[in-house]
Amino acid sequence: MNEAIRTQMGKAPNRKLYFTTITVIVLALLIWSFLGVDVTGLDKKGTGLAVNIVKGIVAPDLEFLFDFSSQGVAYLLYETIAIAFLGTIFGSLLAIPISFLMAPSVVSGPVAYITRLFVIFIRTIPSLVYGIMFIRVTGPGAYAGVLTMSITSIGMISRLYVDVIENLDRGVLEAMTSMGCTTYEKIRYGILPQLFSSFLSTTIYRFDMNLRDATILGLVGAGGIGAPLIFAMRSYRWNQVGAILIGLVILILVVEVISNKLRSRLVSGTN
Amino acid sequence: MKETIYDKIFKPTTYTLENGKTVKQRASKTPLILILIFLAIYASFQATGVDLSLIFTRGSQFFVIILSMFPPNFGFISNIWAPLFDTIQMSLLGSLIGALFAIPLALLSSSNVIKNRLLNGFFKLFLSILRTLPTLVLALIFTFLFGLGTMAGTLAILIFSASYVGKLMYEHIENVDMGAFEAHESMGLSKVEAFRYAIVPEVLPTYLSVSLYAFEGNVRYAAILGYVGAGGIGLVLNERLGWRDYPSVGMVLLVLMVVVFIIERVSEYFRRKLS
Chain E
1 MNEAIRTQMG KAPNRKLYFT TITVIVLALL IWSFLGVDVT GLDKKGTGLA VNIVKGIVAP
61 DLEFLFDFSS QGVAYLLYET IAIAFLGTIF GSLLAIPISF LMAPSVVSGP VAYITRLFVI
121 FIRTIPSLVY GIMFIRVTGP GAYAGVLTMS ITSIGMISRL YVDVIENLDR GVLEAMTSMG
181 CTTYEKIRYG ILPQLFSSFL STTIYRFDMN LRDATILGLV GAGGIGAPLI FAMRSYRWNQ
241 VGAILIGLVI LILVVEVISN KLRSRLVSGT N
Chain D
1001 MKETIYDKIF KPTTYTLENG KTVKQRASKT PLILILIFLA IYASFQATGV DLSLIFTRGS
1061 QFFVIILSMF PPNFGFISNI WAPLFDTIQM SLLGSLIGAL FAIPLALLSS SNVIKNRLLN
1121 GFFKLFLSIL RTLPTLVLAL IFTFLFGLGT MAGTLAILIF SASYVGKLMY EHIENVDMGA
1181 FEAHESMGLS KVEAFRYAIV PEVLPTYLSV SLYAFEGNVR YAAILGYVGA GGIGLVLNER
1241 LGWRDYPSVG MVLLVLMVVV FIIERVSEYF RRKLS
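Quick mapping for you: the protein sequence lines, in order, are chains E and D. If you use this note's numbering, the first sequence closes out at 271, no skipped numbers anywhere. If you use this note's numbering, the second sequence closes out at 1275, no skipped numbers anywhere.
Keep in mind that the hints are not guaranteed to be accurate.
Cross-link-like lysine-lysine pairs, in silico, BS3-like; alpha carbons within 27 Å at most [to be verified]:
id, chain 1, residue 1, chain 2, residue 2
1, E, K261, D, K1011
2, D, K1167, D, K1124
3, D, K1029, E, K16
4, D, K1115, E, K261
5, D, K1008, D, K1029
6, D, K1115, D, K1191
7, D, K1124, E, K55
8, D, K1029, E, K186
9, D, K1167, E, K261
10, E, K261, D, K1124
11, D, K1191, D, K1167
12, D, K1008, E, K261
13, D, K1191, E, K11
14, E, K261, D, K1029
15, D, K1021, D, K1008
16, D, K1273, E, K11
17, D, K1029, D, K1011
Note that these hints are calculated values from the structure, not bench results.
Produce the complete structure using the sequences and hints provided.
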């Protein structure tokens, strides 16, 4: 490093204290969290199992993977997609009124604050608890999964919707008012075009996430591929576990690629 | 306008302008997309057996459990502290180590740092595959390997954090302006030094903020890991739900809500400071 650069770099604001504080805090947290976790190693049984799991994933049960009857992976994945899809649609529809009630620029401050608290309340209840509650309504099966997905989607979707609503360009509306547009025209041509693509993009993103989350609903009997996966694991049928996991990973990767493409098109606005 | 197969099926409308020129407007895709979406909704209704009338007839059943959670059993709180701290420590340790693992993974995936397409592609795919595996499934696998307890949960969280932070970081690193890096290099700094002075300051705030965000989500997620025996407050939750001891479930959820709220506020404060 030559002298000129050295002097220039010396002029940079000294942030040593800042970084030292961060490091100390992080180290302290690291040590504290280590105390709570009982670190166990792989014992002999664990190593044997690990080998079996890898074997199952390398040599999956192909017949099971391509089985299109209601017991096979292909059908179960289809059911999982259906749960995630309907859950996302219902969730995003429910999120629209909620997000308007959350936006301080639309409703008064206290109302927005109360709605926000309400959404936090909805969001912290784990999805499995919702699953159990909805099974009381619908009985075990995919229907309970759809309702659970709808409720758990609301939190994130409405939070992202609010950001869009808050960032609306009000100039357009003022211009339309000055041109004598009616309220309907203002909503149709001033607000909807601004909201629609962002809302859609958020919804597609959430579908992506719901597909991933839908796999755990099976744990409480709310449909999808989760239950067969867990049964296969509990009974040590690793080649079936392998088949399910491979199907799941491929499905999620494909959906992710498609969703990324769609969303970047929506954002850039090109056809 | 270039004619595509789409235009052959759905004829574009043609307008004649005042100066005699004709322009074509591509037929709107909206009706087609709407039909596809309605078909998908119909198929999903069939596959999942959703029957909306059931909500009106049996919807009140949903509130049975919620209402029986009130008032929460405040006496139960002494049984909550230990597993609650387990959960926080699990997600903290998993997030911290995961975020550390994310650094080499992100660097290996960034095409502007390691100029080897094969290596980049491999690590990008690796991160994607890790991210697709649901955390709960990972936790379940780890309970088989490491026994029931917090270790399994921590590892599951660790893997999720590493893949999540890793992905967001390589996207960020790839979009960093390399001009500063090249300028440093041309002034005679080594690659490592140039990286240290040009890239690190640019990327560090995002890294910290993304890691914090991952931690935030992990706390909420760690709460259910107990379901598969991976330690933490989920164990208590599962046990109480099994016994239909809903007032205690209500207490667990209440405490969880307060803790998640506090952690989110703190983390949001720091993330705002970082950006």
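Hint check:
1. E:K261 <-> D:K1011: The given pair, whose Cα atoms are some 26 Å apart, holds under the 27 Å limit.
2. D:K1167 <-> D:K1124: Distance ~8 Å between D:K1167 and D:K1124 Cα, so the pair holds.
3. D:K1029 <-> E:K16: 57 Å, violated
4. D:K1115 <-> E:K261: 25 Å, holds
5. D:K1008 <-> D:K1029: 13 Å, holds
6. D:K1115 <-> D:K1191: Given that 27 Å is the threshold and the Cα spacing comes to 13 Å, the pair holds.
7. D:K1124 <-> E:K55: 24 Å, holds
8. D:K1029 <-> E:K186: At roughly 24 Å apart (the allowed maximum being 27 Å), E:K186 and D:K1029 satisfy the hint.
9. D:K1167 <-> E:K261: 17 Å, holds
10. E:K261 <-> D:K1124: At roughly 17 Å apart (the allowed maximum being 27 Å), D:K1124 and E:K261 satisfy the hint.
11. D:K1191 <-> D:K1167: Holds, because 23 Å separates the two Cα atoms, which is no more than 27 Å.
12. D:K1008 <-> E:K261: With Cα atoms ~24 Å apart, D:K1008 and E:K261 stay inside 27 Å; holds.
13. D:K1191 <-> E:K11: Between D:K1191 and E:K11 the Cα gap is close to 22 Å, so the pair holds against 27 Å.
14. E:K261 <-> D:K1029: 17 Å, holds
15. D:K1021 <-> D:K1008: 21 Å, holds
16. D:K1273 <-> E:K11: Holds, at roughly 23 Å.
17. D:K1029 <-> D:K1011: Answer holds: D:K1029 to D:K1011 is near 11 Å, not above 27 Å.
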